[in-house]
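Novice: Listed here are the chains, written in short residue letters.
2 protein chains.
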Amino acid sequence: MFPFKKPRKKNGASPLAPDILAELPVISGVRIGVGCTGTKYKNRHDVMIALCDGETSVAGVFTNSKTASAPVEWCRKQLPRGRARAVIVNAGNANAFTGTKGMAGVKSVVQEVANVLHCPQGEVFAASTGVIGEPLDAASIVRLIKNTVDKAAGDNWLEAARAIMTTDTFPKLATHSAIIDDQPVLINGIAKGSGMIAPDMSTMLSFIFTDAPIPTGVLQKLLRESIENSFNSISVDSDTSTSDTVLMFATGRAHSVKMKAIRSAKDPRLDHFKEKLNSITLNLAHQIVRDGEGAQKFITVRVEGAENGRAAKVIAKSIANSPLVKTAIAGEDANWGRIVMAVGKAGEAADRDKLKIWIGGHQVTEEGYVHPGYNEEVTSAHMKGEEIEIVVDVGIAGGSATVWTCDLTHEYIDINADYRS
Amino acid sequence: MFPFKKPRKKNGASPLAPDILAELPVISGVRIGVGCTGTKYKNRHDVMIALCDGETSVAGVFTNSKTASAPVEWCRKQLPRGRARAVIVNAGNANAFTGTKGMAGVKSVVQEVANVLHCPQGEVFAASTGVIGEPLDAASIVRLIKNTVDKAAGDNWLEAARAIMTTDTFPKLATHSAIIDDQPVLINGIAKGSGMIAPDMSTMLSFIFTDAPIPTGVLQKLLRESIENSFNSISVDSDTSTSDTVLMFATGRAHSVKMKAIRSAKDPRLDHFKEKLNSITLNLAHQIVRDGEGAQKFITVRVEGAENGRAAKVIAKSIANSPLVKTAIAGEDANWGRIVMAVGKAGEAADRDKLKIWIGGHQVTEEGYVHPGYNEEVTSAHMKGEEIEIVVDVGIAGGSATVWTCDLTHEYIDINADYRS
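Chains as they are written, first to last, in our numbering: chain A, 1 to 421; chain Y, 1 to 421.
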């Protein structure tokens with residue numbers, strides 16, 4: 001079994017990790033500091049503070065979990081203010097399911113940041129990632145805030161991406177420039193996550209920064225739209241975290257020349273920006289899948305011909321989350337019968353007798369049966385690759401969706417069956 | 001890792017298999033024959049025909065898959081007639097996703113059974129289990145029907161349970177007597193399945209027989225109610241088969257003394273019968289979990305305090321299907337944080353701060369945090385056992401539900417990543 005297991009890259013990163021990390025430019029109005037509490041991780045930074053200009057707009061999207069973490073609750077409550085001066089993130093403890101002490105911990109951290117920056121507490125955002133159900137040692141964070149803020153600089157992006165890692169095997173960064181109203185702006189994003197959920201729910205987190213002058217309401221719309229086809233379209237193991245958080249900050253510092261204010265997410269001047277923002281969220285989402293626990297294959301599942309886009313996504317996720325599909329891919333087996341099964345169990349309309357499946361571009365089924373030209377050697381060769389592509393047409397209407405996932409391997413079991421300590 | 005892996009029993013059965021197989025009595029009006037097509041399995045029976053008395057009522061419950069198999073379609077179509085003379089089952093080929101040839105295969109098999117029995121085709125039911133997407137060799141079945149019917153006998157229950165096995169490691173049987181209107185009746189059930197889904201969707205099948213005089217409409221109600229808390233409350237891997245089928249037959253031959261006809265499922269004379277029927281479906285459902293692919297632990301998940309029974313079941317299944325919960329249990333880790341996560345992602349109402357969790361009867365959480373009396377040594381000792389019990393009170397209202405599942409182990413990956421051939 002599994003003679004084909006790919007080794008990790010020589011720096012210990014997932015075999016699917018990108019060969020080159022993105023180099024992120026300075027974003028006007030953003031400075032980053034990192035610190036080390038010395039609690040869970042001894043020899044690395046585990047706290048990141050991003051400082052924003054006082055006029056910075058903020059948008060956020062959070063986990064739908066009914067057992068959301070204390071920092072998620074804090075961010076949700078502050079978001080309507082629409083202004084951010086800072087976000088502080090710690091790795092190693094999720095501060096989730098920590099009762100009333102959990103919120104007290106968030107407040108003491110936020111208060112110290114607000115004191116140091118002389119800003120309202122409601123303009124300080126927070127996120128935590130790591131083990132849940134353990135009390136947060138807030139004092140260990142509070143005591144390093146002043147020093148971390150003092151050392152903050154504009155070119156600390158790689159340090160920031162590293163400081164928020166837990167079981168991640170590589171830091172996740174992406175950047176783009178975009179044009180708004182003939183003027184250049186920058187977008188930087190960092191993320192962490194070894195799947196939608198990592199061991200002990202270490203969480204998927206992402207922080208995106210731009211110097212574009214985009215007001216809060218518009219920023220929130222752009223972010224929510226961008227999430228839907230990126231972070232909300234990936235899955236490692238179908239388990240949703242208590243702490244998933246995506247925050248986006250717009251400092252508005254890009255423009256020395258005054259441009260006419262942006263008031264609507266539909267403003268055509270935003271088209272190029274949206275395209276680049278979507279590219280960044282998708283890039284980061286793919287990096288999370290590539291760092292999925294035990295991942296050996298990067299899998300794209302495209303569903304077409306569904307009743308509508310929502311139905312297509314439900315079917316695509318049913319395929320991407322199926323343990324039988326994922327183990328078959330781990331075994332490099334083009335077991336398309338399991339794809340048929342996963343379409344069937346999704347509960348959305350599908351016409352069995354019009355169902356078409358392609359694996360690696362090779363048509364497998366037609367008219368509810370094996371395609372006459374199907375050649376298992378062709379699909380088997382595709383399955384040996386690192387990038388697996390599954391396309392399904394369910395034969396009902398024009399709805400389509402794409403989701404990304406990884407295979408289910410022995411290493412996933414090893415990582416997750418291992419004792420917490 | 002996994003120093004604690006339990007070996008299979010010496011007959012090759014799952015470590016969770018029952019030590020003693022139930023011995024099923026003759027049911028008046030039912031005879032069973034078994035045969036061997038020599039196609040996929042060479043040295044064992046792979047066809048089972050159960051013959052029923054001409055007055056036999058029939059009830060059925062089938063997969064909700066949108067890509068249901070040809071025999072499931074056939075049974076659905078015949079069920080409204082309400083009469084059964086026979087059910088024929090083959091193992092090794094699911095006759096699912098086999099296009100128009102699939103239904104032609106079912107019809108040729110059914111027609112031969114009807115010819116031999118001189119009955120309408122609509123009184124012959126069929127089920128298939130095994131690989132999907134491969135053409136059914138119907139002729140290999142047709143040619144042994146006459147001989148198999150001729151050899152049919154009332155005491156072939158063990159042979160029947162064995163003939164329908166695919167990757168099952170032990171045959172699944174259960175029996176009870178019950179009292180209706182002061183008169184004894186018998187109920188026999190057999191099942192196959194190594195999870196709700198086995199490799200290549202080999203399917204969960206169950207066939208239940210009674211000599212009680214229960215008319216079709218009533219039988220259908222009793223069966224549907226009984227399924228809900230048994231077969232519909234188990235999961236091995238959350239993947240739903242194309243072919244799941246439960247059929248129940250009532251010959252009415254138990255009573256020499258005429259009893260007043262049963263006309264309603266609410267007839268109080270059925271109370272004892274229902275209790276025993278439910279016990280049989282639950283027993284068979286548990287046997288399927290105990291034969292779950294790679295299973296080392298039998299897990300009971302009880303949810304209380306939910307908005308209603310439906311919500312409780314959604315939450316219980318969210319816990320039972322979570323790969324992180326199942327791998328933690330495989331690792332004998334009382335990782336209750338993952339139970340909190342699974343409650344949160346279920347999408348049903350839950351009060352995080354009233355959430356209570358017990359593992360093996362030991363209270364773990366209270367008021368959104370670790371219970372003051374929690375002792376990890378106690379839960380760790382429980383996790384080392386073969387039977388794991390998780391109880392969760394979500395603190396909303398009075399809805400409750402129980403589901404059963406098994407752990408997610410390396411053997412599951414090995415079984416399912418292995419190539420089909």
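Just so you know, the hints here were simulated from the structure itself, not pulled from any lab data.
Here the structure is a predicted model, which means the values were calculated and not measured.
Backbone N, C-alpha and C define an ideal beta-carbon position, used for all residues, glycine too.
Any given hint might turn out to be false.
[Claimed, not checked] What the simulated footprint calls covered on chain A by chain Y, stretch by stretch (three residues with Cβ under 8 Å from a Cβ of chain Y suffice, anywhere in the stretch; the number is not a length): (1) 57–68; (2) 127–140; (3) 324–331; (4) 343–349; (5) 405–412.
[As the list claims (entries may be wrong)] Below are the DSSO-like pairs computed for lysine-lysine, each with C-alpha atoms no more than 27 Å apart in a straight line: (6) A:Lys258 - A:Lys276; (7) A:Lys101 - A:Lys40; (8) A:Lys66 - A:Lys101; (9) Y:Lys77 - A:Lys107; (10) A:Lys354 - Y:Lys107; (11) A:Lys274 - A:Lys258; (12) Y:Lys66 - A:Lys354; (13) A:Lys77 - Y:Lys356; (14) A:Lys354 - Y:Lys77; (15) Y:Lys258 - Y:Lys274; (16) A:Lys356 - Y:Lys77; (17) Y:Lys258 - A:Lys356; (18) A:Lys276 - A:Lys266; (19) Y:Lys221 - Y:Lys258; (20) A:Lys101 - Y:Lys354; (21) Y:Lys101 - A:Lys356; (22) A:Lys77 - Y:Lys101; (23) Y:Lys66 - A:Lys356.
Novice: Each of the hints needs a verdict: does it hold here or not?
Specialist: Hints, one by one, checked against the model:
1. Coverage of a stretch by a chain is defined here by at least three residues with a beta carbon nearer than 8 Å to that chain's beta carbons; for the segment 57–68 of chain A and chain Y the count is 6, and the condition holds.
2. Only residues whose C-beta sits within less than 8 Å of a C-beta in chain Y count toward coverage, and the segment 127–140 of chain A has 3 of them, enough to reach three; the restraint holds.
3. Interface restraint, the segment 324–331 of chain A with chain Y: holds (5 residues with C-beta to C-beta distance below 8 Å; minimum three).
4. For the segment 343–349 of chain A, the stated coverage by chain Y is satisfied: 7 residues place a CB nearer than 8 Å to a CB of that chain, which reaches the threshold of 3.
5. Counting residues of the segment 405–412 of chain A whose C-beta sits closer than 8 Å to any C-beta of chain Y gives 4, which meets the bar of three, so the coverage hint holds.
6. Between lysine 258 of chain A and lysine 276 of chain A the alpha-carbon distance is near 22 Å, which keeps this suggested pair within the 27 Å criterion.
7. Taken as a hint, the lysine 101 of chain A and lysine 40 of chain A pair is honoured in the structure, with Cα atoms around 19 Å apart against an allowance of 27 Å.
8. A hinted pair counts as satisfied when its Cα atoms are at most 27 Å apart, and lysine 66 of chain A with lysine 101 of chain A qualifies at roughly 18 Å.
9. Between lysine 77 of chain Y and lysine 107 of chain A, the direct Cα distance comes to roughly 63 Å. Violation of the 27 Å bound is thereby established for this hinted pair.
10. Pair hint lysine 354 of chain A plus lysine 107 of chain Y holds up; C-alpha atoms about 22 Å apart against a cutoff of 27 Å.
11. At most 27 Å may separate the alpha-carbon atoms for a hinted pair to count; lysine 274 of chain A and lysine 258 of chain A meet this at roughly 21 Å.
12. Annotation: proposed proximity of lysine 66 of chain Y to lysine 354 of chain A holds, straight-line Cα distance about 12 Å (limit 27 Å).
13. Simply put, lysine 77 of chain A and lysine 356 of chain Y have alpha-carbon atoms about 26 Å apart, close enough for the 27 Å limit, and the pair holds.
14. With a C-alpha separation of about 21 Å, the suggested pairing of lysine 354 of chain A with lysine 77 of chain Y holds against the 27 Å cut-off.
15. A threshold of 27 Å between alpha carbons decides the hint, and for lysine 258 of chain Y with lysine 274 of chain Y the separation of about 21 Å falls inside it, so the pair holds.
16. Distance check on the hinted pair: lysine 356 of chain A and lysine 77 of chain Y sit about 26 Å apart at the alpha-carbon level, within 27 Å; holds.
17. A distance of roughly 56 Å separates the Cα atoms of lysine 258 of chain Y and lysine 356 of chain A; the hinted pair therefore is violated under the 27 Å criterion.
18. Proximity of lysine 276 of chain A to lysine 266 of chain A is assessed by CA-CA distance (about 15 Å); at most 27 Å being required, the pair is judged to hold.
19. Taking the CA atoms of lysine 221 of chain Y and lysine 258 of chain Y, the gap is near 23 Å; set against the 27 Å cutoff, the hint holds.
20. With a CA separation close to 15 Å, the supplied pair lysine 101 of chain A and lysine 354 of chain Y stays within the 27 Å bound.
21. Restraint check for lysine 101 of chain Y and lysine 356 of chain A: the C-alpha separation of about 17 Å stays at or below 27 Å, so the hint holds.
22. A threshold of 27 Å between alpha carbons decides the hint, and for lysine 77 of chain A with lysine 101 of chain Y the separation of about 60 Å lies outside it, so the pair is violated.
23. Between lysine 66 of chain Y and lysine 356 of chain A the CA atoms are separated by roughly 14 Å; this keeps the pair inside 27 Å, and the hint holds.
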